[in-house]
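Protein chains: 4
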Amino acid sequence: MAGLVGSKPTDVSVGFVSMKFEQNRAEERHRRILDAALKVFSHKGYRESSVDDIAGESATSKGGVYFHFPGKQAIFFALLERAARMLLDRVEEAIARETEPVAKAEAALHVVLRTFGKHRALARLFLVEAYGGGREFHTRLMEFHELFIDVIKRHLDDAVAAGAIEPVDTELAGRVWFGAMNEVITHWLLTDHPKRLEDSYALLRPLIFHSVGAEMPVHVGDGANENR
Amino acid sequence: MAGLVGSKPTDVSVGFVSMKFEQNRAEERHRRILDAALKVFSHKGYRESSVDDIAGESATSKGGVYFHFPGKQAIFFALLERAARMLLDRVEEAIARETEPVAKAEAALHVVLRTFGKHRALARLFLVEAYGGGREFHTRLMEFHELFIDVIKRHLDDAVAAGAIEPVDTELAGRVWFGAMNEVITHWLLTDHPKRLEDSYALLRPLIFHSVGAEMPVHVGDGANENR
Amino acid sequence: MAGLVGSKPTDVSVGFVSMKFEQNRAEERHRRILDAALKVFSHKGYRESSVDDIAGESATSKGGVYFHFPGKQAIFFALLERAARMLLDRVEEAIARETEPVAKAEAALHVVLRTFGKHRALARLFLVEAYGGGREFHTRLMEFHELFIDVIKRHLDDAVAAGAIEPVDTELAGRVWFGAMNEVITHWLLTDHPKRLEDSYALLRPLIFHSVGAEMPVHVGDGANENR
Amino acid sequence: MAGLVGSKPTDVSVGFVSMKFEQNRAEERHRRILDAALKVFSHKGYRESSVDDIAGESATSKGGVYFHFPGKQAIFFALLERAARMLLDRVEEAIARETEPVAKAEAALHVVLRTFGKHRALARLFLVEAYGGGREFHTRLMEFHELFIDVIKRHLDDAVAAGAIEPVDTELAGRVWFGAMNEVITHWLLTDHPKRLEDSYALLRPLIFHSVGAEMPVHVGDGANENR
DNA sequence: GATGAATGAGACTTCATTCAT
DNA sequence: CATGAATGAAGTCTCATTCAT
Numbered sequence: 000m001a002g003l004v005g006s007k008p009t010d011v012s013v014g015f016v017s018m019k020f021e022q023n024r025a026e027e028r029h030r031r032i033l034d035a036a037l038k039v040f041s042h043k044g045y046r047e048s049s050v051d052d053i054a055g056e057s058a059t060s061k062g063g064v065y066f067h068f069p070g071k072q073a074i075f076f077a078l079l080e081r082a083a084r085m086l087l088d089r090v091e092e093a094i095a096r097e098t099e100p101v102a103k104a105e106a107a108l109h110v111v112l113r114t115f116g117k118h119r120a121l122a123r124l125f126l127v128e129a130y131g132g133g134r135e136f137h138t139r140l141m142e143f144h145e146l147f148i149d150v151i152k153r154h155l156d157d158a159v160a161a162g163a164i165e166p167v168d169t170e171l172a173g174r175v176w177f178g179a180m181n182e183v184i185t186h187w188l189l190t191d192h193p194k195r196l197e198d199s200y201a202l203l204r205p206l207i208f209h210s211v212g213a214e215m216p217v218h219v220g221d222g223a224n225e226n227r
Numbered sequence: 000m001a002g003l004v005g006s007k008p009t010d011v012s013v014g015f016v017s018m019k020f021e022q023n024r025a026e027e028r029h030r031r032i033l034d035a036a037l038k039v040f041s042h043k044g045y046r047e048s049s050v051d052d053i054a055g056e057s058a059t060s061k062g063g064v065y066f067h068f069p070g071k072q073a074i075f076f077a078l079l080e081r082a083a084r085m086l087l088d089r090v091e092e093a094i095a096r097e098t099e100p101v102a103k104a105e106a107a108l109h110v111v112l113r114t115f116g117k118h119r120a121l122a123r124l125f126l127v128e129a130y131g132g133g134r135e136f137h138t139r140l141m142e143f144h145e146l147f148i149d150v151i152k153r154h155l156d157d158a159v160a161a162g163a164i165e166p167v168d169t170e171l172a173g174r175v176w177f178g179a180m181n182e183v184i185t186h187w188l189l190t191d192h193p194k195r196l197e198d199s200y201a202l203l204r205p206l207i208f209h210s211v212g213a214e215m216p217v218h219v220g221d222g223a224n225e226n227r
Numbered sequence: 000m001a002g003l004v005g006s007k008p009t010d011v012s013v014g015f016v017s018m019k020f021e022q023n024r025a026e027e028r029h030r031r032i033l034d035a036a037l038k039v040f041s042h043k044g045y046r047e048s049s050v051d052d053i054a055g056e057s058a059t060s061k062g063g064v065y066f067h068f069p070g071k072q073a074i075f076f077a078l079l080e081r082a083a084r085m086l087l088d089r090v091e092e093a094i095a096r097e098t099e100p101v102a103k104a105e106a107a108l109h110v111v112l113r114t115f116g117k118h119r120a121l122a123r124l125f126l127v128e129a130y131g132g133g134r135e136f137h138t139r140l141m142e143f144h145e146l147f148i149d150v151i152k153r154h155l156d157d158a159v160a161a162g163a164i165e166p167v168d169t170e171l172a173g174r175v176w177f178g179a180m181n182e183v184i185t186h187w188l189l190t191d192h193p194k195r196l197e198d199s200y201a202l203l204r205p206l207i208f209h210s211v212g213a214e215m216p217v218h219v220g221d222g223a224n225e226n227r
Numbered sequence: 000m001a002g003l004v005g006s007k008p009t010d011v012s013v014g015f016v017s018m019k020f021e022q023n024r025a026e027e028r029h030r031r032i033l034d035a036a037l038k039v040f041s042h043k044g045y046r047e048s049s050v051d052d053i054a055g056e057s058a059t060s061k062g063g064v065y066f067h068f069p070g071k072q073a074i075f076f077a078l079l080e081r082a083a084r085m086l087l088d089r090v091e092e093a094i095a096r097e098t099e100p101v102a103k104a105e106a107a108l109h110v111v112l113r114t115f116g117k118h119r120a121l122a123r124l125f126l127v128e129a130y131g132g133g134r135e136f137h138t139r140l141m142e143f144h145e146l147f148i149d150v151i152k153r154h155l156d157d158a159v160a161a162g163a164i165e166p167v168d169t170e171l172a173g174r175v176w177f178g179a180m181n182e183v184i185t186h187w188l189l190t191d192h193p194k195r196l197e198d199s200y201a202l203l204r205p206l207i208f209h210s211v212g213a214e215m216p217v218h219v220g221d222g223a224n225e226n227r
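Chains as they are written, first to last, in numbering that gives the first Met the number 0: chain A, 0 to 227; chain B, 0 to 227; chain C, 0 to 227; chain D, 0 to 227.
In short, the hints are calculated from the structure, not lab data. For clarity, every value in this text was computed on a predicted model and none was experimentally measured. Any given hint could turn out to be false.
Copies of the same chain look alike in the list, so a pair counts if it works inside one copy or between any two.
As the list claims (entries may be wrong) - Think about it this way: if two alpha-carbon atoms lie no more than 25 angstroms apart in a straight line, the pair counts; the simulated DSS-like pairs of lysine-lysine are:
(1) Lys194 with Lys61
(2) Lys38 with Lys61
(3) Lys43 with Lys117
(4) Lys117 with Lys61
Model the full structure from these sequences, guided by the hints.
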């Protein structure tokens, strides 16, 4: 996972005048390109998007884009990384709010589903477009999948250890949960979506809980009051 | 679903020579191109594959390919259709061999997993490459997903009706099953796969059975004696 | 030198209809592109010439050019090869017409000078533009130089063996001759050239002859009646 | 020739701080850029070198380079000028050390060969890369050639006047000498060079001397004790 | 004076598709 | 029917040069 989640320090100061302003401008442009790319990629698909499109959407020139990123693929990766970091942060938060192991595992899933439900573009990126960029993309994508599956797995392990659920292959269970969620979201993504994705979750819960033989908790610490 | 599963009539009369022969030759060429395309697409990915690659692999010329298919995308669709038809045929067979509704539902899943396990190229086509061809591809792909999910759903409905399992949202359950399977196969596809995909199934079974509150059947009529 | 001078057989017949016509068309286009490239390269310089220019000049499309040649550099090499072959052929002819070893050595030089004098574009290609294409170009160019120098050297060796001239480092002498000629032609090429290049030769002769201590021959079999 | 050899005045007054210091700093930067450019150009070739490369090598920024020079081409010209000035200075020195006209003419040649032999980068610049920059480069380059040829010519004229050699076309003779030397150096430059360039000179001498019908001097005041 | 972000023209190349033979 | 030459639009990327800070 190494590369997917990390921090990029940009505080290096050079020269004899404050670089602060320059740096901010650069960072702001960097972000604007990324935002534009997300929009373009999720709208037209990775392959159909041209660097020109991204340049146009970000009100920059093509050369400007290439100044900030070495290439189209790198933009996609940066996007994935940024989104993954954001998702993981939210997941951590949500997990911290829960106390029961199973609830923690569930929280990971729920947050992803809720976040994707609110950010269609992001969902497309991860669940659809990421497949359209060739071999290297697949590797990165799998890293991301495994990352989330592992979070689920670890908390299911805890649940087993605590006797909350019967012993099962927790990695596989994590994968099943994740795959189930993926399919639900992808379906929502690629068809007309009459009802909000979030609503499916109520129905999805018992299925995944039962899959690992867990009792349905009486109350869900749903964290539904999150904003953004 | 209309287009995905159907028959392509090739009975158009041509000339004054043995139509039979002509037709066979044309059909044979048609099939050879499809086989070549499967090989090429699953090896290099849809976008990275050129029509020239396919022509080369099928020992035809580019013009020849364009005689048999209107374009590159059409080849991919034809491939998907052919594969879907094959898969569905096998699914039907397997279902017919089972008597219990839940077992029938399971059989649908199992056959797909087993078939993909044996035909990696096919699996790549459906689970990975199909995402790389833009909007229209996604629609077709979803049609295919729904088709299989529907098979599962119908038998789960039967199971509910027969009182074999508790009432659940059977469509969602079908989707969960399918999504779980997809994730398992995709993982197997995109990483080194030390053990055969088939082996994961034994572990996957209890999870999906429990998800719908079904008892694990003592013995699976596993149809493991199928060839190809 | 291997690649620089050789023959490209194109007589392979495939299919069931005469390929003669197709082949001719292709060959004709091939040649037209080469001719156009010579014109463009010698007019604008290698780097300043774009493939578009060549396509335009040859009344083809850019794609057409790329069908016949793998890239811009390959066109240049092909041009060099074709010209080298032509030059060498003429050199061989001229040498065959002479009987004295020194006269043979001289003939090699003379033919090149005369040919370049008539085909400025060719001269530019070899003497100027060939330097503008990076490392690989230099290697090829040196191969060409060595080729001609070697012809001179061999006949000077004969002259030494025959006692016509004093023993000298014949390779170096060949290089001196060649270099002298190059400078004369290059100067003619890169400045206004009031008088014909050919006229310089009468003055150049005694210098190069004396350099190897050869008597000036009373009469040069000058082959001046060559056409083209 | 005007521009090629001259002095660049940098006495423009700037501000209220020690002008001397400012000026030195500017000059130092100017020189550093030129040194870097020589390194880069001779290593990668003119076209392949980017202004960024030069900026990097000179530990400046791209903007800094553009402050000191109006453009990439100007850097190359400045380099050529600086090198030509240096070469000519050395030539003058060497000529002054000789007394015989023919020896003076030879000295010009010898110094160039020796200098290039010691500074490969310089040799590449003049003999190879200078061709790769389009029309304007060629003009400048020819100016330089003529300059050196003229030096040789003048001393050969003296030699003729002094009766040391027979009357010949001295300009052409100068060109022959120069061209011969060029070819020898270029060959040394573009191939593996087992032996030092300087060593070829001993063999080259008799050839060029004889070319103008000069006696080989018993001893050359070779100036071999020059450093750098 | 210096810096590095930004520009934008243009280069090479690929390839789905068409079509004359 | 088959072939392969031809087309042309589009794509990614480079880089000399400019300019705000």
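Now for the hints, and whether the structure bears them out:
In the homo-oligomer, the alpha carbons of Lys194 and Lys61 never lie at most 25 angstroms apart, since the shortest distance is 39 angstroms inside one protomer and 46 angstroms across protomers. Taking the shortest Cα distances, Lys38 and Lys61 sit within 25 angstroms of each other inside one copy (17 angstroms), while across copies they are farther apart (31 angstroms). Proximity of Lys43 and Lys117 under a CA criterion of 25 angstroms is satisfied intra-copy only: 19 angstroms inside one chain copy versus 34 angstroms between copies. In the homo-oligomer, the alpha carbons of Lys117 and Lys61 never lie at most 25 angstroms apart, since the shortest distance is 30 angstroms inside one protomer and 44 angstroms across protomers.
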